[in-house]
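Taking the hints into account, I'd like the entire structure generated from these sequences.
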Amino acid sequence: MTTPLLLYITVIIAYIPGIILLFISKKIHKFPILVFAFFGMLAFNALGSISTFSSSSIYRINFDKYAVSDQLALILIVQIIIYYIFAAPYIIYRNPPARLAKLTLTDLLLVLVGIVIITALGIKYFLETDGYLLLFSTLDGSLDINNSFSTRMKYIYGLKNWPIYNIGFVFLPIVIFSYALLIYRFNRAYWPYFLLAAIICFSASLSMGSKAGLISFVLSSGITLIVHMGSDNKKLLTLVKNKVLIIFLLVGFFLLALGYLWTTPDDLTIQSLLTRIWYRMFVAYPDTIAGAISYVQENGVLGVSMLPTIRGLLPHEQINISLELHQFIAGSPGGATLPYGSEAFLIAGWIGIAVACPIVVLTLIFLQETTFHLKIGLTSLAFSSLFSYLAVLLSTIGVFSTFFNLMYPGTLLIFAIIAVITEHFRNLLIGYGR
246 MTTPLLLYIT VIIAYIPGII LLFISKKIHK FPILVFAFFG MLAFNALGSI STFSSSSIYR
306 INFDKYAVSD QLALILIVQI IIYYIFAAPY IIYRNPPARL AKLTLTDLLL VLVGIVIITA
366 LGIKYFLETD GYLLLFSTLD GSLDINNSFS TRMKYIYGLK NWPIYNIGFV FLPIVIFSYA
426 LLIYRFNRAY WPYFLLAAII CFSASLSMGS KAGLISFVLS SGITLIVHMG SDNKKLLTLV
486 KNKVLIIFLL VGFFLLALGY LWTTPDDLTI QSLLTRIWYR MFVAYPDTIA GAISYVQENG
546 VLGVSMLPTI RGLLPHEQIN ISLELHQFIA GSPGGATLPY GSEAFLIAGW IGIAVACPIV
606 VLTLIFLQET TFHLKIGLTS LAFSSLFSYL AVLLSTIGVF STFFNLMYPG TLLIFAIIAV
666 ITEHFRNLLI GYGR
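Just add 245 to the spot in the sequence shown (first one is 1) and you have our numbering.
Please keep in mind that the hints were generated in silico from the structure rather than gathered at the bench.
Computed from a predicted structure; not experimentally measured.
Note that the Cβ used here is the ideal one computed from N, Cα and C, for glycine as well.
Check each hint, because a few of them may be wrong.
Think about it this way: if two alpha-carbon atoms lie no more than 25 Å apart in a straight line, the pair counts; the simulated SDA-like pairs of lysine to any residue are [what the hints assert, rightly or not]:
| hint | residue 1 | residue 2 |
| --- | --- | --- |
| 1 | 620 | 431 |
| 2 | 272 | 546 |
| 3 | 347 | 436 |
Label-pair ranges, simulated between beta-carbon atoms [to be verified]:
| hint | residue 1 | residue 2 | range |
| --- | --- | --- | --- |
| 4 | 248 | 515 | 25 to 35 Å |
| 5 | 578 | 517 | 17 to 27 Å |
| 6 | 607 | 371 | 21 to 31 Å |
| 7 | 343 | 433 | 43 to 53 Å |
As structure tokens, this is what we get:
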């Protein structure tokens, strides 16, 4: 009989080659999207799996985790082996061109446009909800674990225009702040510009009263710092010792702890707080994969009903698997985040894993290759930073909430058009000046 410790050791051993490559490769910093995809699998799928294997949880789980532990371990091992098969040769044999990133008018205009859009959407939301912001309910204690889901359904997910607000409060603040951070790192004289972007973007992320939103804001900012420093050929050890990056990580940890203290102040001790943070950061995601395995064993695979409906192409009724799986796992209403491994397994079981994992890695390679051909201003670094962040999210909220969510490519397309237009306009001005 396999023990939880033996399963965990086996999983961690499978990830050791990737860790070794991080430290011995002299050019690993040139592939941030692939590196952060590996980091996401290691930190958010493999690291906390020991708590899933041992069936220890601070939340109510309505299935026997030990009964699916063997398959969970196999999924975690298979997904990293497939990653090695496709990504390792690419990293070893690809010699990326030197990056000649430079600050241009296009970069400044892109950030300015983003700030205007965020502000406009914030005003529209404020008017539509009669001035209600979830942040205030979080701070005064009226938003707690008992009414969190119903309140968010009323003021966030249930709003007709929430997909639009989602861009203004979730996606754009991450993109614009990261871009402004790059501008500041390239030229410190733009610190007022950076400060304006920081205030507006942070306020937008903060306004939703979401721990996940704040952590994502800090995480994406830290990734941007690493991508920027990596572009200067700095070694991994130098990156992890960077004081600014350490401050970002400490702020993220503090915000997560503060969120729990505000929502359940009477129930928390130091030990229970650390246990909850450990679970929220590292265990919730392998738990979800285990839940997906158990769900398939009980209900069968979901097939195309898991896929987003695309009008005219996939005319089916889509199941809200986030709500469905949370109900299955916890026995209560709520939303569960699905790592891409659990999405693949829910669609078609092991066939889904065998098909989806190569597609995901090849998509990452394509995106990484795309960054090598972006020549306008800081777009190469900004693109790398964004998709490095999204690559991490593959192991937490899955494919359909990151790479294949229409919000992300749609917004990126808009900004790409703006970038091309502003760059063309800049060139016309330069030509006219001559």
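Violated constraints from the hint list, given by number and in increasing order: 2, 6, 7
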